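> Starting from the structure of chain A, add chain B where the hints point.
Chains as they are written, first to last, in the numbering used here: chain A, 1 to 379; chain B, 380 to 998.
Hints are supplied without guarantee of correctness; some may be wrong.
Said to hold, decoys possible - Computed Cβ-Cβ distance ranges for the label pairs, DEER-style:
{"#": "1", "chain 1": "B", "residue 1": "E478", "chain 2": "A", "residue 2": "S33", "range": "49 to 57 Å"}
{"#": "2", "chain 1": "A", "residue 1": "V95", "chain 2": "B", "residue 2": "K386", "range": "43 to 51 Å"}
{"#": "3", "chain 1": "B", "residue 1": "E427", "chain 2": "A", "residue 2": "G354", "range": "34 to 42 Å"}
{"#": "4", "chain 1": "A", "residue 1": "A152", "chain 2": "B", "residue 2": "V414", "range": "32 to 40 Å"}
{"#": "5", "chain 1": "A", "residue 1": "N53", "chain 2": "B", "residue 2": "K678", "range": "48 to 56 Å"}
{"#": "6", "chain 1": "A", "residue 1": "S33", "chain 2": "B", "residue 2": "Y502", "range": "56 to 64 Å"}
{"#": "7", "chain 1": "A", "residue 1": "L201", "chain 2": "B", "residue 2": "E478", "range": "41 to 49 Å"}
{"#": "8", "chain 1": "B", "residue 1": "M476", "chain 2": "A", "residue 2": "G196", "range": "51 to 59 Å"}
{"#": "9", "chain 1": "A", "residue 1": "S33", "chain 2": "B", "residue 2": "E427", "range": "57 to 65 Å"}
{"#": "10", "chain 1": "A", "residue 1": "L91", "chain 2": "B", "residue 2": "K386", "range": "25 to 33 Å"}
{"#": "11", "chain 1": "B", "residue 1": "E478", "chain 2": "A", "residue 2": "A152", "range": "50 to 58 Å"}
{"#": "12", "chain 1": "B", "residue 1": "E427", "chain 2": "A", "residue 2": "A99", "range": "46 to 54 Å"}
Unchecked claim - Listed next, the in silico SDA-like pairs over lysine to any residue satisfying Cα-Cα at most 20 Å (straight line):
{"#": "13", "chain 1": "B", "residue 1": "K453", "chain 2": "B", "residue 2": "G861"}
{"#": "14", "chain 1": "B", "residue 1": "K503", "chain 2": "B", "residue 2": "E471"}
{"#": "15", "chain 1": "B", "residue 1": "K386", "chain 2": "A", "residue 2": "P268"}
{"#": "16", "chain 1": "B", "residue 1": "K614", "chain 2": "B", "residue 2": "R436"}
{"#": "17", "chain 1": "B", "residue 1": "K641", "chain 2": "B", "residue 2": "G903"}
{"#": "18", "chain 1": "B", "residue 1": "K396", "chain 2": "A", "residue 2": "Q310"}
{"#": "19", "chain 1": "A", "residue 1": "K147", "chain 2": "B", "residue 2": "P389"}
{"#": "20", "chain 1": "A", "residue 1": "K147", "chain 2": "B", "residue 2": "K386"}
{"#": "21", "chain 1": "B", "residue 1": "K396", "chain 2": "A", "residue 2": "H308"}
{"#": "22", "chain 1": "B", "residue 1": "K474", "chain 2": "A", "residue 2": "P268"}
The hints are simulated quantities; they were obtained by calculation from the structure and are not laboratory data.
Predicted, not measured: the structure shown is a model, and the values here were computed from it.
Every residue, glycine too, gets a C-beta built ideally from N, C-alpha and C.
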Amino acid sequence: MPQDFIRQLDPTHNLRAAPSLSNRLHLDPVLMSMLLAFCAAGLFVLYSASGRNMDMVIRQAVYMLMGFGGMCIIAQIPPRYMMMLVPFAYLGGVVLLVAVLVMGYGAKGAQRWISLPGFRFQPSEIIKLVMPLTVAAWLCRKTLPPKFLDVAVALVLIGIPTALIAKQPDLGTSLLIAASGLFALLLAGLSWRIIGGAVLLALPAMWGMWHFVMREYQKQRVLTFLNPESDPWGSGWNIIQSKIAIGSGGVYGKGWLLGTQSHLDFLPESHTDFIIAVLAEEFGMIGVLVLLAAYALILGRGIFITLHAQNMFARLVSGSVTLTFFVYIFVNIGMVSGLLPVVGVPLPLVSRGGTSIVTLMAGFGILMSAHTHRNLLGR
Amino acid sequence: MAADTIKDHPGERRLVKIRVWLAVVAMILMTAGLVARMFYLQVQRYDELATQSEDNRIHLRTVPPIRGLIYDAKGRLLAENRPSYTLTIIRERVKNMDETLSELSELVDLDPDDIDDFKERVYKTRPFNSVPLKYRLNEEEIARVSVNHHRLPGVNVEAQLIRFYPERKTLAHAIGYVGRINDKELRKLDASLYSGTNIIGKTGVERYYESILLGKPGYQEVESNARGRILRVLKQVDPVPGTDLHLYLDLDLQKAAMEALKGKRGAVVALDPKTGGVLALASTPSYDTNSFVTGIGYKEFNSLRDNINRPLFNRATLGEYPPASTIKPFVAMAALDSETVKSDYRIFDRGYYQLPGDKHRYRNWKRTGDGWTDMVRAIARSNDTYFYDIAVKMGIDTIHDYMTRFQLGQRTGLDIASERPGLMPSRAWKRAARGRPWYPGETVISGIGQGYMLATPLQLATATAIIANRGGIVAPRLAKPGPGVAPKVPMGRIDKTPEDWETVIKGMREVVDNPRGTAHRRIGRKLKYTVAGKTGTAQVVGIPQDIKEEEAQVLEEFQKDHGLFIAFAPIENPQIALAVIIENDSSAAVGVARKVMDAWLLPRLGPLEKPALAKKGVL
Numbered sequence: 001m002p003q004d005f006i007r008q009l010d011p012t013h014n015l016r017a018a019p020s021l022s023n024r025l026h027l028d029p030v031l032m033s034m035l036l037a038f039c040a041a042g043l044f045v046l047y048s049a050s051g052r053n054m055d056m057v058i059r060q061a062v063y064m065l066m067g068f069g070g071m072c073i074i075a076q077i078p079p080r081y082m083m084m085l086v087p088f089a090y091l092g093g094v095v096l097l098v099a100v101l102v103m104g105y106g107a108k109g110a111q112r113w114i115s116l117p118g119f120r121f122q123p124s125e126i127i128k129l130v131m132p133l134t135v136a137a138w139l140c141r142k143t144l145p146p147k148f149l150d151v152a153v154a155l156v157l158i159g160i161p162t163a164l165i166a167k168q169p170d171l172g173t174s175l176l177i178a179a180s181g182l183f184a185l186l187l188a189g190l191s192w193r194i195i196g197g198a199v200l201l202a203l204p205a206m207w208g209m210w211h212f213v214m215r216e217y218q219k220q221r222v223l224t225f226l227n228p229e230s231d232p233w234g235s236g237w238n239i240i241q242s243k244i245a246i247g248s249g250g251v252y253g254k255g256w257l258l259g260t261q262s263h264l265d266f267l268p269e270s271h272t273d274f275i276i277a278v279l280a281e282e283f284g285m286i287g288v289l290v291l292l293a294a295y296a297l298i299l300g301r302g303i304f305i306t307l308h309a310q311n312m313f314a315r316l317v318s319g320s321v322t323l324t325f326f327v328y329i330f331v332n333i334g335m336v337s338g339l340l341p342v343v344g345v346p347l348p349l350v351s352r353g354g355t356s357i358v359t360l361m362a363g364f365g366i367l368m369s370a371h372t373h374r375n376l377l378g379r
Numbered sequence: 380m381a382a383d384t385i386k387d388h389p390g391e392r393r394l395v396k397i398r399v400w401l402a403v404v405a406m407i408l409m410t411a412g413l414v415a416r417m418f419y420l421q422v423q424r425y426d427e428l429a430t431q432s433e434d435n436r437i438h439l440r441t442v443p444p445i446r447g448l449i450y451d452a453k454g455r456l457l458a459e460n461r462p463s464y465t466l467t468i469i470r471e472r473v474k475n476m477d478e479t480l481s482e483l484s485e486l487v488d489l490d491p492d493d494i495d496d497f498k499e500r501v502y503k504t505r506p507f508n509s510v511p512l513k514y515r516l517n518e519e520e521i522a523r524v525s526v527n528h529h530r531l532p533g534v535n536v537e538a539q540l541i542r543f544y545p546e547r548k549t550l551a552h553a554i555g556y557v558g559r560i561n562d563k564e565l566r567k568l569d570a571s572l573y574s575g576t577n578i579i580g581k582t583g584v585e586r587y588y589e590s591i592l593l594g595k596p597g598y599q600e601v602e603s604n605a606r607g608r609i610l611r612v613l614k615q616v617d618p619v620p621g622t623d624l625h626l627y628l629d630l631d632l633q634k635a636a637m638e639a640l641k642g643k644r645g646a647v648v649a650l651d652p653k654t655g656g657v658l659a660l661a662s663t664p665s666y667d668t669n670s671f672v673t674g675i676g677y678k679e680f681n682s683l684r685d686n687i688n689r690p691l692f693n694r695a696t697l698g699e700y701p702p703a704s705t706i707k708p709f710v711a712m713a714a715l716d717s718e719t720v721k722s723d724y725r726i727f728d729r730g731y732y733q734l735p736g737d738k739h740r741y742r743n744w745k746r747t748g749d750g751w752t753d754m755v756r757a758i759a760r761s762n763d764t765y766f767y768d769i770a771v772k773m774g775i776d777t778i779h780d781y782m783t784r785f786q787l788g789q790r791t792g793l794d795i796a797s798e799r800p801g802l803m804p805s806r807a808w809k810r811a812a813r814g815r816p817w818y819p820g821e822t823v824i825s826g827i828g829q830g831y832m833l834a835t836p837l838q839l840a841t842a843t844a845i846i847a848n849r850g851g852i853v854a855p856r857l858a859k860p861g862p863g864v865a866p867k868v869p870m871g872r873i874d875k876t877p878e879d880w881e882t883v884i885k886g887m888r889e890v891v892d893n894p895r896g897t898a899h900r901r902i903g904r905k906l907k908y909t910v911a912g913k914t915g916t917a918q919v920v921g922i923p924q925d926i927k928e929e930e931a932q933v934l935e936e937f938q939k940d941h942g943l944f945i946a947f948a949p950i951e952n953p954q955i956a957l958a959v960i961i962e963n964d965s966s967a968a969v970g971v972a973r974k975v976m977d978a979w980l981l982p983r984l985g986p987l988e989k990p991a992l993a994k995k996g997v998l
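Just chain A, same shape as in the assembly:
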C-alpha cells in the first residue's frame, strides 16, 4: 500500500519536492534568454537607424532594463490574483481614457498622454495589457464555446476602450487593442457562425467608418496606401522611400551603418515605425529572414506556453498576448513594405520608444506568470 501510495504520488513528487529555480523565480529561462538576445540585437539596428546616436541607444537600453524589471515583477503575480485584480485595472484604465479625452479638448489634435510629476504615460498602454486579461477572466468562468450573451458582454468590454482610444484619435492602437480582446474570444471557441456574420457586417461597417468615424488624415493614409505615387512629395513619400530602402538592400544588404536611405534622411521615421526598412536596407533579405526567425522563436515559445497552460484563464491570456505580439510584427512590416496602410505601429522590441517596450515586456511577464504558477493538478 505504501508502495502504491508512493507510486501514485510519484508524478507530482518532483514538482513538489524540488521546484526548479526558474519556477521558484517564476521566470521562463527559454523565453527570457530569447528576449535578451533579441533586445541586444535590436540595439545594433537602432544605433544605425538613429544615425549613430549613442544617447538614444543607451536610453533604449534603459527602457529595456525597465521592461525586464516590469516583466519579472508581473511574473510574480499568480494568475488567480490577476483574475481578481483585472476588474479594477479595467475600470481604472477606462477612467483614465475618459480623463485623457476630457483633458484633450483643451489641446489641439491628438491627446494621448497623462502627465504626472516625474513621468508621463499613455493610458492606452495599460489597456493593451488589461484587455486580454479582462476578456480571458470573463470567459474562463463560462462554458466554452461562449454563448451569445457572453459574447455580447465580451464585445461590450472590448468596445468601450476601443471606442475611447479611437476617439483620441489613435486608430492603430484602438484596432490592436480590439484585436487582443478578440483573439481571446476567438481562442475561446467563438462560433464560426458569429465570425462569418461579423465578416458580412464588416463591409457596411467599413463604409460607415469611412464616412463618419475616420478623420481626414486617416483617410489620406488609406488613399496614399492605395496609390502612393499620387503624391510622391507629400504623404506618399514615406512609403515610396521605405520601399526603395527595402528593395535596394537586396539579398545581402548594404552593410551595417551603410544604408544610404536612412543615413541621408530619405527615409522618415527611420528609428521608430520604419526601422525595419533600415534593417532591410543594411542587412538585406537575409537580415529580414533572421529577424522573422527570431520572432518565430519567441512566438513559438508563446504558443508552447499557451498549449501547456494548466487552466483556461492562463490559456486564453497567453494565446491572446502571443497573437497580439504577432499582429504587431505583421502590421508593422506589412505597412513599411507597402502591404498595409500606414497606421503607426512600432516594430516590437526594435523600434525606439519606452512605453511600447515596457508594455510588451509586461505582456511577456503575464506569459511567464501563467507558465510558472502551476497547480498540482491541471484543470
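Just chain B now, with coordinates in the frame of chain A:
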C-alpha cells in the same frame, strides 16, 4: 442548466487547442506573405529600387565655367567676374513652392518681377540644379536666410561669379553686356553648354564673342541628403574657363571720347589706320551696363527705353546719318581715279549749279559763291558747286562704285553684335528698292552727301582710315587676334597715283590749316600735329508728323542739323583716323575730334617727332 454549469474541461481544452493551432497556421501563412513581399521587393525589384536609391543620393551638378575676361589694349580690365551672393532654389527639394516663396519674401526683398521670372525658369531647368531667385543679396539678407535655412529645404545662398563692368557707362556700346537668357535665346542655344549658366552675351563684344567667352561647363557627381545638402563630391570634371579677350580699344582714349561727348547726343569712332583696330567707340548718352547683368527692373528699363535721348541706341554702329560734306574727299578721289577730271580742274562758282536745260539752282552753302575753285580749295571751303559739277560729270553709278570701294554702303564686319549697312544709292538700287528711275537731280545732291546717302560713324571712320593709308583698305576690329579670334584678313588696296591721294589730303589739311578752311576756327589753337579733316552738316530728315503742342519746343531742338567731322592725324604718319557725329549741333564735332586726337597723340609725340614736324613748318 446543470449541464451548463458543470464545465467540460477536457472538451474546452481541446477546443482551445484546435483554435491555437488554427492561429499558428494563420500566422505561418501571414509570415509567408511577408517573406514573399520582401522577396518581391529585395530580389525581383532589386535592380529598379537600387537604382532609385542611387538616384536619390547621387546627383549631377553642373559647375559653370568662368566667363572670359575682356581687357583693353594695355591690359586693363573692362569686364570681369566678381563674387556675388545669390538666393537659389532647387525645385525638387521644395515641398510647397508657394509657401516657400512667401516665406522667403518675408526674409528678402523680393520683387514680383523676380518671382515671375523665377517661376518661368524653374520648370525649364534640369532636375536638381539650382535656379536663382534673387541676385546680390546683402549681408543682412544672407544672415536672415541662413538663420531660417533649416525651415526652407531646397533654398540656398550660393556664391556666384557675376559679370562686372568696372567702367560702368564708359564702354556700354562697345563691350555691351551680358544678361539672363530669355525664351528666344533658350530655344536656340545648346543646352549642354549653358546648363550651369543663366547668363548670355546680349550686345556688343559680349555677344559677338559669346562662344569663346563662355567656356565649357564641368560637372560634379555629388552625394546629398534628403534636404539637398551636399555631403561629398564623388567625382568632378573641371569646367573649361572662357577665353580672355584683348581689345585694340584704349581705355584712356575711350574715356576722353566719352568726356568730349558729355552732355551731347553723338558718337565717336577712332581707328588705328594701320591695323583697323578700334581705339575708341563711344556713343552718348550711355548707361550703366551692370544694371542688365542680373536682370534690369521694368521701371529702370522703361526709363532707359523711353528716354528721348535714346541712351540704349548705339549711334556709332547703328546710327545711319547723311554723310553730308564729309563725303566730299571720297567723291573727289572717285573723280580723280575715274579720270573724270584732273587734279587741277577748276570751276568758277557763282554760288549755284544748274543742270543743262534746267532752271533749278542747286545752291552753294555760301550764297555769294567762292569764285575760281579748284579741287583743294573745294575741299577746304567745302564748296558745294564744285562737287555738284564733278558728281554730274561722273554719274551716280561711278560714285556708287567708288563709295563701295571705300567700304561705304555695306557692313564693315566689325566684331560687334549689331551694325547697320548705311546706304550708297545707285540706279539699280533705286529701281529695286523704290521702283522708280533715277533722276539727274539726285546725282547732283549725292555729290555733297545728301539725298539717299546714309553712313554710320563707324563706316566714315573706316573710309577715313583708307585715305590715311593712301589706299590701304582696313577692316575695323575690336578684338586683337588670339585664341578663338580669327586673324586679320588682308583687305587689299585702292590703287591710285600718290599724287591723287596727296591732292585730296592737301584739301583736307587746308580744311584745318587754311584760315578759310571750314574747320580752322573750331579746331582751336596750338595744334601740335598735322590734321587732315572734313566737316559736314547733315539736315535732319524724317520729322515726325503727329506732334503735340507742348512737344514742339523739344522737337525744335531735335530738328537742328547734325554736325559731322572726319579726320586723321598726323598726316605724315597717321596714327588715328576718326569720325565724329553730334546730333542737332552743327558746331561741336570739330572740337570733340580735337580733344580725342589730343588725348591719343599728345602722349605719343615723342621729342624725336617734334623737330621733324617743326622742320616742315607745322609748329
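> Evaluate each hint against the coordinates.
Status of the hints after comparison with the structure:
The hinted range of 49 to 57 Å is satisfied by E478 (chain B) and S33 (chain A), whose Cβ atoms lie roughly 53 Å apart. Roughly 33 Å separates the CB atoms of V95 (chain A) and K386 (chain B), a value that falls outside the hinted 43 to 51 Å. A beta carbon spacing of about 38 Å between E427 (chain B) and G354 (chain A) agrees with the range 34 to 42 Å that was offered as a hint. A hinted range of 32 to 40 Å holds for the C-beta pair A152 (chain A) and V414 (chain B), which are about 39 Å apart.
Checked against the hint of 48 to 56 Å, the pair N53 (chain A) and K678 (chain B) passes, with Cβ atoms roughly 53 Å apart. Distance hint for S33 (chain A) and Y502 (chain B): a CB-CB separation of about 60 Å, consistent with the stated range 56 to 64 Å. Against the hinted window of 41 to 49 Å, the Cβ-Cβ separation of L201 (chain A) and E478 (chain B) comes to about 44 Å, which satisfies the hint. Taking 51 to 59 Å as the suggested C-beta distance range, the pair M476 (chain B) and G196 (chain A) conforms, at roughly 52 Å.
Between S33 (chain A) and E427 (chain B) the CB atoms are about 41 Å apart, so this pair departs from the stated range of 57 to 65 Å. Checked against the given bound of 25 to 33 Å, the beta carbons of L91 (chain A) and K386 (chain B), roughly 27 Å apart, stay inside it. Between E478 (chain B) and A152 (chain A) the beta carbon distance is about 52 Å. The supplied range of 50 to 58 Å therefore holds. With their beta carbons about 50 Å apart, E427 (chain B) and A99 (chain A) fall inside the hinted range of 46 to 54 Å.
Distance check on the hinted pair: K453 (chain B) and G861 (chain B) sit about 15 Å apart at the alpha-carbon level, within 20 Å; holds. As the CA atoms of K503 (chain B) and E471 (chain B) are separated by approximately 13 Å, the hinted pair is consistent with the 20 Å bound. Proposed proximity of K386 (chain B) and P268 (chain A) is contradicted: the alpha carbons are some 53 Å apart, above 20 Å. Taking the CA atoms of K614 (chain B) and R436 (chain B), the gap is near 14 Å; set against the 20 Å cutoff, the hint holds.
Restraint check for K641 (chain B) and G903 (chain B): satisfied, since their Cα atoms lie roughly 19 Å apart, inside the 20 Å limit. Between K396 (chain B) and Q310 (chain A), the direct Cα distance comes to roughly 12 Å. Compliance with the 20 Å bound is thereby established for this hinted pair. For the given pair, K147 (chain A) sits about 18 Å from P389 (chain B) by alpha-carbon distance, which is consistent with the 20 Å threshold. This hinted pair checks out: K147 (chain A) and K386 (chain B) have alpha carbons roughly 13 Å apart, not beyond 20 Å.
For the hint pairing K396 (chain B) with H308 (chain A), the CA-to-CA distance comes to about 10 Å; that is within 20 Å, so the pair holds. Distance restraint check for K474 (chain B) and P268 (chain A): the Cα-Cα separation of roughly 15 Å lies within the 20 Å cut-off, and the hinted pair is therefore satisfied.
Of the numbered hints given earlier, the model fails hints 2, 9, 15; all others are met.
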